[in-house]
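Engineer: Okay, here's what each chain looks like letter by letter:
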Amino acid sequence: MNIKDVEALAELAKLELSTEEKESLLADMEGILSYVKQIEEVKTADIEPDYKVYNVWREDELLPRDFSKELIIEQFPTSQDGFLKVKKIL
Amino acid sequence: MIDLKSLTIALARKKLDSKEFSAVELASAYLEEIKKKNAELNAYLEVYDDVLEQAKRADDRIKKGESHPMLGIPVAVKDNILIEGKHISSASKMLQNYISSYDATVIRKLKKQGAIFLGRTNMDEFALGGSTENSAFGVTKNPHDTDRVPGGTSGGSAAAVASSMALAALGSDTGGSIRLPSAFCGTIGLKPTYGRVSRSGLMSTASSFDVIGPITKTAEDAQILFDVIKGEDVLDSTTINENAFPKNSSKKELTIGVPWELVNGEGVNPEVKENFVQALKKFESLGLKVKDIKLPNSLAQYYIINFAEVSTNLARFDGVRYGLHKNGKSLWEDYKLAKGSGFGRETRRRILLGAYVLSAGYYDAYYGKAQKAREALRKEFKDKFSTVDLILTPTSPIPAWKIGEKSNPLSMYLVDIFTVTANIVGVPAMSLPSGFTETEDKKLPLGIQFMASHGREDLLFEVGKKFEEAMKTK
Numbered sequence: 004m005n006i007k008d009v010e011a012l013a014e015l016a017k018l019e020l021s022t023e024e025k026e027s028l029l030a031d032m033e034g035i036l037s038y039v040k041q042i043e044e045v046k047t048a049d050i051e052p053d054y055k056v057y058n059v060w061r062e063d064e065l066l067p068r069d070f071s072k073e074l075i076i077e078q079f080p081t082s083q084d085g086f087l088k089v090k091k092i093l
Numbered sequence: 007m008i009d010l011k012s013l014t015i016a017l018a019r020k021k022l023d024s025k026e027f028s029a030v031e032l033a034s035a036y037l038e039e040i041k042k043k044n045a046e047l048n049a050y051l052e053v054y055d056d057v058l059e060q061a062k063r064a065d066d067r068i069k070k071g072e073s074h075p076m077l078g079i080p081v082a083v084k085d086n087i088l089i090e091g092k093h094i095s096s097a098s099k100m101l102q103n104y105i106s107s108y109d110a111t112v113i114r115k116l117k118k119q120g121a122i123f124l125g126r127t128n129m130d131e132f133a134l135g136g137s138t139e140n141s142a143f144g145v146t147k148n149p150h151d152t153d154r155v156p157g158g159t160s161g162g163s164a165a166a167v168a169s170s171m172a173l174a175a176l177g178s179d180t181g182g183s184i185r186l187p188s189a190f191c192g193t194i195g196l197k198p199t200y201g202r203v204s205r206s207g208l209m210s211t212a213s214s215f216d217v218i219g220p221i222t223k224t225a226e227d228a229q230i231l232f233d234v235i236k237g238e239d240v241l242d243s244t245t246i247n248e249n250a251f252p253k254n255s256s257k258k259e260l261t262i263g264v265p266w267e268l269v270n271g272e273g274v275n276p277e278v279k280e281n282f283v284q285a286l287k288k289f290e291s292l293g294l295k296v297k298d299i300k301l302p303n304s305l306a307q308y309y310i311i312n313f314a315e316v317s318t319n320l321a322r323f324d325g326v327r328y329g330l331h332k333n334g335k336s337l338w339e340d341y342k343l344a345k346g347s348g349f350g351r352e353t354r355r356r357i358l359l360g361a362y363v364l365s366a367g368y369y370d371a372y373y374g375k376a377q378k379a380r381e382a383l384r385k386e387f388k389d390k391f392s393t394v395d396l397i398l399t400p401t402s403p404i405p406a407w408k409i410g411e412k413s414n415p416l417s418m419y420l421v422d423i424f425t426v427t428a429n430i431v432g433v434p435a436m437s438l439p440s441g442f443t444e445t446e447d448k449k450l451p452l453g454i455q456f457m458a459s460h461g462r463e464d465l466l467f468e469v470g471k472k473f474e475e476a477m478k479t480k
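Quick note, the sequences are listed as chains A and U, same order. Each residue of the first sequence is one higher than the one before, counting from 4 in my numbering. Each residue of the second sequence is one higher than the one before, counting from 7 in my numbering.
The set of hints was computed from the structure by calculation and includes no laboratory data. Mixed in with the good hints there might be a few duds.
[Said to hold, decoys possible] Looking from chain U toward chain A, a few residues come up when the C-beta cut is under 10 Å (computed):
hint, residue
1, 347
2, 349
3, 371
[Stated by the list, open to error] Quick list of in silico lysine-lysine cross-link-like pairs, DSS-like style, CA-CA up to 25 Å:
hint, chain 1, residue 1, chain 2, residue 2
4, U, 300, U, 332
5, A, 72, U, 390
6, A, 40, U, 297
7, A, 90, U, 390
8, A, 90, U, 385
9, U, 385, A, 46
10, A, 72, U, 388
11, A, 17, A, 72
12, A, 91, U, 332
13, U, 332, A, 88
14, U, 335, A, 88
All residues carry an ideal CB built from backbone N, CA and C; glycine is no exception.
Modelling step: build the complete structure from the supplied sequences, incorporating the hints.
Structural biologist: Right, dumping it as structure tokens:
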């Protein structure tokens with residue numbers, strides 16, 4: 004890894020990092036990744052990944068749920084007429 | 007005066023029902039303790055202002071003749087479990103001003119019984135760490151030695167119970183976050199079977215590992231609280247129907263498996279090992295059989311999956327809909343500024359590591375491989391539990407360390423060697439206090455950990471109660 008890799012990952016994760024932090028993160032990540040690299044030694048040749056994924060179904064009916072819409076709206080950083088207001092993206 | 011030190015949920019239930027003291031008196035006694043101790047220990051991030059009103063409502067119900075296991079019982083709640091209308095932050099600046107808009111399922115169940123919520127407890131930010139040092143709001147101190155950490159990530163919950171600032175507490179466990187602080191603070195901590203307790207209203211850390219569980223003073227109390235919060239839930243599709251679990255069948259002779267190779271491994275403190283050997287002798291004298299088994303070190307696969315899931319789960323905190331908002335020149339800059347300043351150091355580190363192990367070039371070598379290793383371990387566990395009923399290890403290879411002592415993140419990850427396995431395969435595990443080690447004139451608690459097969463919490467309670475009795479007689 005090098006500092007460019009850290010910068011690319013930070014951009015993907017949308018994280019603003021200082022130059023100093025990038026350098027210390029690089030050192031930490033190299034240490035941690037070289038440790039978890041041990042995973043290579045686990046014998047898994049005859050193991051099929053089994054994610055145990057299946058659907059959990061329920062009837063399509065409206066059930067009462069206790070939650071506060073007001074509390075959700077109150078926490079929008081900016082809102083207008085009860086809607087969330089965001090910056091222009093186009 | 008109520009003797010809080012020796013009080014248990016079971017005992018408080020009797021005394022509340024027989025009107026020896028009221029729920030208001032009990033809650034007031036805890037508020038008094040909190041006032042005396044919390045400034046130093048920092049176990050609670052917030053003590054709720056309606057504790058006495060909650061207690062009054064419980065008293066009204068007791069007067070009407072109602073009785074439920076948790077009615078009028080004061081509990082502390084980890085800062086990542088939602089209570090409608092209350093502040094909740096996951097100990098992060100990202101959510102410093104956030105207010106829950108609904109109740110977690112476990113909270114709804116406890117409210118129905120009339121439990122009293124004292125406040126929200128400190129933790130490692132977003133449940134990432136092992137010492138509660140990663141909280142954005144200051145470290146929690148170990149009640150047994152305030153120079154030391156309480157363990158983590160549910161450090162505030164364990165410290166609150168250990169210092170009589172709560173009768174019991176809720177924590178969450180992703181890789182040992184209930185059990186490690188329990189071992190460091192001398193409490194009992196249960197990580198239930200994955201899917202046995204609803205995660206609805208628990209802030210996600212690593213969704214395939216996370217589970218809510220009790221931190222208490224006795225195995226019986228852990229059972230009482232667990233029985234109230236467990237159960238299938240339509241709001242969490244990963245919960246398991248109670249009928250799917252094996253019916254409790256008590257056997258005359260239980261067999262304990264001990265992975266000696268791991269326990270004898272380097273990095274395990276000699277006093278921890280000696281304490282473990284003494285605990286094992288107690289079980290042998292109780293008539294339990296002991297067998298040597300092999301278990302692999304699973305830290306690498308645990309951390310790879312943890313980074314991947316954490317990175318994915320925390321992507322939602324962007325400052326657009328809720329939480330910390332920062333104004334930049336564009337929406338993209340808003341995101342970067344909010345995430346850059348809202349997340350703490352360990353959180354940023356894991357987000358990047360997660361992005362790395364999931365990236366196209368490395369996916370197969372890390373995440374894909376870890377998922378296969380996880381499946382291999384599941385199969386191995388199935389085999390193990392056909393020959394033993396329980397697996398016993400120390401909870402932690404070392405006792406509580408000094409605050410600030412472990413500056414290298416990897417050295418803290420290694421402490422999870424005995425706890426992560428239960429989360430990888432989803433089995434229940436419990437940490438029990440097993441005595442003390444003396445360092446610098448301070449007595450530091452040690453803990454042992456039992457794992458059982460899926461759905462067999464009953465076995466954990468059974469050996470837990472046996473061990474408590476054996477510890478009393480020395």
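Engineer: Do the alpha carbons of residue 72(A) and residue 390(U) lie within 25 Å of each other, as the hint requires?
Structural biologist: violated (49 Å)
Engineer: Given the hint that residue 385(U) pairs with residue 46(A), test it: the Cα-Cα distance must not exceed 25 Å.
Structural biologist: Answer holds: residue 385(U) to residue 46(A) is near 13 Å, not above 25 Å.
Engineer: Mind checking the alpha carbons of residue 90(A) and residue 385(U) for me, to see if they're no more than 25 Å apart?
Structural biologist: Cα-Cα ~50 Å, so violated.
Engineer: Within 25 Å, alpha carbon to alpha carbon, are residue 40(A) and residue 297(U)?
Structural biologist: Not OK: residue 40(A) and residue 297(U) at ~31 Å, beyond 25 Å, violated.
Engineer: Just to be careful, I want the Cα atoms of residue 335(U) and residue 88(A) compared with a cutoff of 25 Å; is the pair within it?
Structural biologist: holds (16 Å)
Engineer: Can you confirm whether the C-alpha distance between residue 300(U) and residue 332(U) stays at or below 25 Å?
Structural biologist: Distance of about 51 Å is beyond 25 Å: violated.
Engineer: Report holds or violated for the interface hint on residue 347(U), using the least CB-CB distance to chain A and a cut-off of 10 Å.
Structural biologist: Holds: closest Cβ of chain A sits about 7 Å from residue 347(U), inside 10 Å.
Engineer: Tell me if the straight-line CA distance from residue 17(A) to residue 72(A) falls inside 25 Å.
Structural biologist: violated (29 Å)
Engineer: Straight-line Cα separation of residue 72(A) and residue 388(U) no greater than 25 Å?
Structural biologist: Status violated; Cα separation ~45 Å.
Engineer: Take the C-alpha atoms of residue 91(A) and residue 332(U), compute the straight-line distance between them, and say whether it is at most 25 Å.
Structural biologist: holds (15 Å)
Engineer: Need the status of pair residue 90(A), residue 390(U): alpha-carbon distance at most 25 Å?
Structural biologist: violated (56 Å)
Engineer: Mind checking the alpha carbons of residue 332(U) and residue 88(A) for me, to see if they're no more than 25 Å apart?
Structural biologist: Roughly 14 Å separates the two Cα atoms, so the pair holds.
Hint compliance for this structure: hints 4, 5, 6, 7, 8, 10 and 11 are broken, all remaining hints hold.
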